[in-house]
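**Q** So the chains spell out like this:
Protein chains: 2
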Amino acid sequence: MTGFSFRIDATDGKARTGAINTPRGEIRTPAFMPVGTAATVKAMLPENVRATGADILLGNTYHLMLRPTAERIDRLGGLHRFMNWDRPILTDSGGFQVMSLTALRKMTEEGVRFKSHIDGSTHHLTPERSMEIQRLLGSDIVMAFDECTPFPADEATARRSMELSMRWAQRSRDAFGDRPGHALFGIQQGSVFRDQRAESAEKLQAIGFDGYAVGGLAVGEGQETMFEVLDYAPDMLPQDKPRYLMGVGKPDDIVGAVERGIDMMDCVLPSRSGRTGQAFTRHGVINIKNARHMDDPRPLDENCTCPACRNYSRGYLHHVMRAGEIISSMLMTWHNLHYYQELMQGLRDAIAQGRLQAFVADFHAQRAAGDIDPL
Amino acid sequence: MTGFSFRIDATDGKARTGAINTPRGEIRTPAFMPVGTAATVKAMLPENVRATGADILLGNTYHLMLRPTAERIDRLGGLHRFMNWDRPILTDSGGFQVMSLTALRKMTEEGVRFKSHIDGSTHHLTPERSMEIQRLLGSDIVMAFDECTPFPADEATARRSMELSMRWAQRSRDAFGDRPGHALFGIQQGSVFRDQRAESAEKLQAIGFDGYAVGGLAVGEGQETMFEVLDYAPDMLPQDKPRYLMGVGKPDDIVGAVERGIDMMDCVLPSRSGRTGQAFTRHGVINIKNARHMDDPRPLDENCTCPACRNYSRGYLHHVMRAGEIISSMLMTWHNLHYYQELMQGLRDAIAQGRLQAFVADFHAQRAAGDIDPL
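Which chain is which? The protein sequence lines are C and Z, in order.
So the number in our numbering is just where the residue sits in the first sequence, counting from 1, plus 10.
So the number in our numbering is just where the residue sits in the second sequence, counting from 1, plus 10.
I should point out that these hints are in silico values taken from the structure, not numbers from a laboratory.
Just so you know, these numbers come straight off a predicted model, no measurement behind them.
You may find that some hints are simply not true.
Sample of chain Z residues at the chain C side, in silico, Cβ under 7 Å [what the hints assert, rightly or not]:
| no. | residue |
| --- | --- |
| 1 | A48 |
| 2 | A53 |
| 3 | S110 |
| 4 | G325 |
| 5 | S339 |
Only pairs whose alpha carbons sit at most 25 Å apart, straight line, appear in this in silico DMTMM-like list of lysine to aspartate or glutamate [what the hints assert, rightly or not]:
| no. | chain 1 | residue 1 | chain 2 | residue 2 |
| --- | --- | --- | --- | --- |
| 6 | C | K299 | Z | D84 |
| 7 | Z | K52 | C | E335 |
| 8 | C | K213 | C | E335 |
Ideal Cβ positions, reconstructed from N, Cα and C, are used throughout, including at glycine.
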């Protein structure tokens, strides 16, 4: 893989810190990837996403293939140019979103046929088509096409699903071909079954990928079950490749995942919550719509250096959120992305300095002492 | 008026260029004031509004008195601090918005009683209360409370309305008192009747204001009628005080008003149009939702230096507008405010250099040659 490499600089317990190098720049790990679903991280300009400390964005194949279409993005110079983000982009395979269209899809060995949620038009997504779309988008890190096994699944169902995903992983690898500077990641499935997770990890390594994702988590199983799987699943994946936990999560999910050896994560939570008025802070979650903030001259977090906290009172944020003003989404999203990236920097520094346990203890203590809003 | 002054640096025909000086900074004239209705210029951060070249914002007394209330803004340090804009703010008197609540208001000599469009609560707005609210907001330029005479109005109706506004102007002046560094502007009424406009101007000057607005225009009379009134109405106001045309307008309205001796204007058009997909350019209006922009790699305007034009294709702007993404409002509004401020700078430079006629001719020629969208 010319131009794509992963380096571990330090470890602390199972946690690792280092960097993924790509021709479009370095991704410091552990990394949190903001989600830019439809070629925009909602309510943010990309230069401001970058200013929060993000090294990489995630784009959604499903949304982009439907609108404006991968072919149109390709004609307009690729996703980076289209959305004005010249750093690395990871794209998912489209599989996860397609699976969630339960009423509108039909799955076969070949792939998934589904109807667009936008205009009802019919589409066919296969490993080969997913690779083609992600190539047209110009994605730096391409995800193999898989089935995200629903939760809960019995052992036989989980196995059938995992085995299908492994066959699709091979087809993804074959279709991806050799693309210097671009990486292909495989996705481990197996639900909550340790032997299936092990088998999936072996099959993926036999195929050979540039990185490995832990799939099928953050789908309703709860943090306790997720952590139980993360207690062993990442260890089954190669030590010298990046490990990506898809769709995670809340701040304490992220801390727990990093402790268990995860290098990359993505989630819509900081941006989506920002738009609905929830701010993540060191002390927990603030629901800015709560009437108690109406006359509060303090910022969301006195120690936060984001523009929302530097320049605005809770009283102002309460007002603009209640009034439905766009600036409320802009400021709250900015704050949340800033908080998430600061958390990642804190985790990276703590791992590098061998004080992750103290960092995690302090993280939980600050939240326990916090003055948070009931949601 | 300690700390508030107006200086004319150059004239060209009836047009003037100069500056209003206030303790919060200079306002270059002719000036366009973006509208920050509910303590935000919609979809913009104030530092970015400033970056477009705006020296002053307009705030709406009606909206702010209802939510979050003037008293709350006062407790939170005043409107400037509340909304993070430390430069001059002009507030309207609330009269115009209240009058438009035709079904929900009752007018007497004392003032206007009305029901809030937000929660149906009853409020009473008088010259005295309007002055109090604008003081609580911390407005730098306060507008007298008046009745914006509807259009069309017969001569007797217009006269009754104008005379009421002149009595309210005196009450506004009395209630405003002496507030060093803060200015009070009177508002000329008289509809399209030249003698009434003259009488209104005389009455206002007898009372004495720091600036004078031409009111009762841009209320549906059309550009031709508006220009007919502007051919004489501004001349009736003092040469050595700023003249403010309220609620104007489209780019060609602005050019025509400046030619006729107007120094200040405000309008929601650049921000509102931005949110609905219309971009103002030198060549006319682009409706970015039009399908012809779908695959267009060009910016809105090749010569524009705003972030929307520097960093994004029409194809991208079309996509995010169609997808209902917040970034479309952010970028389109930024572009429009940038265009408006660049137009104002062009007008100021042209007046200063005695070449306004050539500038105006070029302005119309570029639009006539333009490749614009049907709306």
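**Q** May I ask you to test the interface hint for Z:S110 with respect to chain C, counting a Cβ-Cβ separation under 7 Å as satisfied?
**A** violated (19 Å)
**Q** Holds or violated: the hint that Z:S339 contacts chain C, with Cβ atoms closer than 7 Å.
**A** holds (6 Å)
**Q** Closer than 7 Å between Cβ atoms is the bar; does Z:G325 clear it against chain C? Give me holds or violated.
**A** holds (5 Å)
**Q** Within a Cα-Cα threshold of 25 Å, do C:K213 and C:E335 meet the stated pairing?
**A** violated (50 Å)
**Q** Is the straight-line distance between the alpha-carbon of Z:K52 and that of C:E335 25 Å or less?
**A** Distance ~7 Å between Z:K52 and C:E335 Cα, so the pair holds.
**Q** Using the nearest Cβ pair, does Z:A48 come within less than 7 Å of chain C?
**A** holds (5 Å)
**Q** Does Z:A53 hold up as a contact with chain C if the rule is Cβ-Cβ below 7 Å?
**A** holds (4 Å)
**Q** Holds or violated: C:K299 and Z:D84, Cα atoms, limit 25 Å.
**A** OK: C:K299 and Z:D84 at ~20 Å, within 25 Å.
Violated hints, in rising order: 3, 8; the structure is consistent with all others.
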